[in-house]
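Colleague: Line order of the protein sequences matches chains A and B.
If you're matching positions, the first sequence starts at 257 in the working numbering and goes up one per residue.
If you're matching positions, the second sequence starts at 54 in the working numbering and goes up one per residue.
Source of the hints: derived by calculation from the structure; they are not laboratory data.
One or more of the hints may lead you astray.
Simulated restraints on C-beta separations [as the list claims (entries may be wrong)]:
(1) B:N461 to A:A274: 23 to 33 Å
(2) A:A274 to B:Y60: 28 to 38 Å
(3) A:V301 to B:T246: 45 to 55 Å
(4) B:S511 to A:P283: 45 to 55 Å
(5) A:A274 to B:A334: 35 to 45 Å
(6) B:W535 to A:R372: 44 to 54 Å
(7) A:A274 to B:L534: 24 to 34 Å
(8) A:V345 to B:N461: 51 to 61 Å
(9) A:V345 to B:A433: 55 to 65 Å
(10) B:P441 to A:R331: 43 to 53 Å
(11) A:A312 to B:R439: 20 to 30 Å
(12) B:M400 to A:R318: 40 to 50 Å
Selected chain A positions facing chain B (Cβ under 8 Å, derived; list incomplete) [as the list claims (entries may be wrong)]:
(13) G267
(14) I273
(15) T281
(16) L302
(17) A306
(18) I348
(19) L350
(20) I362
(21) L363
(22) L367
(23) V373
(24) S374
(25) R376
Cβ coordinates follow ideal geometry from the N, Cα and C atoms, glycine included.
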Amino acid sequence: MRVSNTAIGLGLIVFAIAVLFYTRTFPTLERGYPGPSLFPNVLAVLFIIAGITLVAQGVRGRERLSKFDTSTITRSGLINILLVLGAVVFYIFLSDFLGFQITSFILLFGLMKWLRVSTRWGLVMACGMTLAIYFLFAKILLVPLPWGLWGW
Amino acid sequence: MMLEHIYTAISLIAQPYVLLVIAMSAFYGLFVGAIPGLTATMATALLVPVTFFMDTVPALAAIVTMEAMAIFAGDIPGALVRIPGTPSSAAYVGESYALTQKGRAGFVLGVDVTVAAIGGLIGAIILILLAPMLAEVAMKFTSFEYFWLACIGLSCAVLVTKGSLIKGMVSLLIGLFMTTVGVDITLGFPRFTFGVTDFLNGFNFIPAMIGMFGVSEVMRNVSSSDLSFKIVSVKTKKIFAGIGRTVRKYKLNVARSGIVGTFVGILPGAGADIAAWIAYALSKKFSKEPEKYGTGHIEGIVDAGTANNAALGGAWVPALVFGIPGASLTAIVIGVLFMKGLRPGPMIFQQTPEILYAVYVTFILANVILIPFGVMAIKAGNQMLRVPRNMLMPAILMFCIVGSFAINNTAFDVGIMLGTGVLAYFMEANDIPVAPAVLGLVLGRLLEDSFMVSMIKSEWDLTVFFHRPVRAILGGVTIILWSSPFIGVLRARWRRQ
């Protein structure tokens, strides 16, 4: 997913200005020396310099501001990416409720099915990977993976 | 004294448990390296949650072994299907594949594994000789010197990036900015936490690494339509026939590229991939037969294949001595050392020398066992390339999730992983390199803390940064590095006139 240099540059400038404003609420050291705000402010100024340079490069290269190059990614590729991100969000919100094993199985089987793995292989791999990860992390490394309502 | 340390280190390594860890990480490294799209850095990031639960010696041994194996194994798909397994093999895939088409895949991979082991050993020897000497110097450093060192490290990381310098700088700034989240050193003021208590300690490094190298890699892999590889069969019966002669013929190339590779590895920000490109370019420049390059000539492969493995040892030098990573991979190693309560720097050499020697011993051991393990991987090369990626990617994603969770047992870290993964994917898609951001993330705190502490010590007198000779030299180097791009532009303009 490519966007124009101009857009990146403008984004950085807006972000940096927001930082500059926000850090004004930070306390200062005694005798007015800059404290917690110094480093973020220096970075913000550098962000602005980099942003202006990128905008200048974009303008000089006659870039379209709204350039949104979709040729680098196919539609199905984009859907795949969104599903991967959705799967992580699904885990974050539902693992405490469903427990690790069920969440992991649903996530793995769902993604594999979507990526066109056959149902039989999908079931085998999703079960196998879930148990392998569970065994490694919960049993050997003793990580308290989420138990869920049913204690799995 | 030294013998005693070596003896202790060997006894630490020669435990059944540690040897098992080494063998398993060897297989892991070979597998990840041989699968295109999975990089050695990603393998390290995914290994960290597991090493988190190990003692320091097996944890570091696992990483050292894994990286040596992965960087070699990247050559396997390069030769078989013309796709580099890791970016470090990219410099010579064309050359390797041209030889494969002449029916010499076994020969190429045999040479690859041999020179990789030799290169790795050269890197290890330079690490062993150079690190203690530099540590002597580093003993005298104070917060002023560390400030300049961090500046030099970060500047190098930007200057060596391929492509746009400005985008390298943007990447660095992103990494540095991430370190400003959390409690600040001067007043203990919570910055950019927006009331979220999980942010008080700042960005958790390991979930961020897993996001940047694991999740973004999964995203990239699922976004491209399924690649099915056209598999070439490798004759592996007499894999070492003619290899001894080839390596002997190019022994000077091996020595040169071993040294060049190690020193490129020492440069912050430049890792095995850049080492391979530079060694390949030098090889062609000094070759007696430069016209053969690109047509399936082994000389360039010898050079680049030596250099990328040599770079691994080099990258550990600044990491161990100054706590400044030589590449993204050692940036993660520094994270691991911190997790183990070890502060990388000259004090390690005095307080826990046995750990250092254990790293040295593992480096030697890993490169010696690289040959038998590597041959096994060459024989299994075809099978590894047949592992379907549409099963592998969901599994890796699950591993990323659990790995991020395992460090602090919070779902918040999984969120960090997701956020940094999306960020890294977006950056790479727009030609903004990720490595400077990683270095910024590792060094940001050191940079800010050493600056603020120095300033408060000297009551805001900026000239103290140049007071003593070592400081002044380091400061001078930093200023030269910063002005070098401008000087380059001015010179180009002057020449045009």
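Colleague: At a threshold of 8 Å, is the proposed contact between T281 of chain A and chain B supported by beta-carbon distances?
Modeller: Violated. Min distance 10 Å.
Colleague: Return the status of the interface hint for L363 of chain A: holds when the least beta-carbon distance to chain B is below 8 Å, violated otherwise.
Modeller: holds (6 Å)
Colleague: Can you verify the interface hint for I348 of chain A: is its Cβ closer than 8 Å to any Cβ in chain B?
Modeller: Holds: closest Cβ of chain B sits about 5 Å from I348 of chain A, inside 8 Å.
Colleague: Hint check: is the beta carbon of G267 of chain A less than 8 Å from a beta carbon of chain B?
Modeller: Because about 10 Å separates G267 of chain A from the closest Cβ in chain B, which is outside the 8 Å limit, the hint is violated.
Colleague: Any CB of chain B closer than 8 Å to the CB of L302 of chain A?
Modeller: This hint holds: L302 of chain A lies near chain B, its Cβ roughly 6 Å from the closest one there, short of 8 Å.
Colleague: Looking only at beta-carbon atoms, does the pair A274 of chain A, L534 of chain B fall within the given range of 24 to 34 Å?
Modeller: Since A274 of chain A and L534 of chain B have Cβ atoms about 30 Å apart, the given range 24 to 34 Å holds.
Colleague: Is 51 to 61 Å respected by the C-beta to C-beta distance linking V345 of chain A and N461 of chain B?
Modeller: violated (19 Å)
Colleague: With a cut-off of 8 Å, does the beta carbon of R376 of chain A approach a beta carbon of chain B closely enough for the hint to hold?
Modeller: Status violated, d = 12 Å.
Colleague: 44 to 54 Å was suggested as the range; check whether the CB atoms of W535 of chain B and R372 of chain A agree with it.
Modeller: holds (51 Å)
Colleague: Are A274 of chain A and Y60 of chain B spaced within 28 to 38 Å by their CB atoms?
Modeller: Since the Cβ atoms of A274 of chain A and Y60 of chain B sit about 58 Å apart, the hinted range of 28 to 38 Å is violated.
Colleague: Hint A306 of chain A vs chain B: min CB-CB distance below 8 Å?
Modeller: holds (5 Å)
Colleague: State, for the Cβ atoms of V345 of chain A and A433 of chain B, whether the hinted interval 55 to 65 Å holds or is violated.
Modeller: Between V345 of chain A and A433 of chain B, where Cβ atoms are some 37 Å apart, the hint is violated.
Comparing the model with each numbered hint stated earlier shows that hints 2, 3, 4, 8, 9, 10, 11, 12, 13, 14, 15, 19, 20, 24, 25 do not hold.
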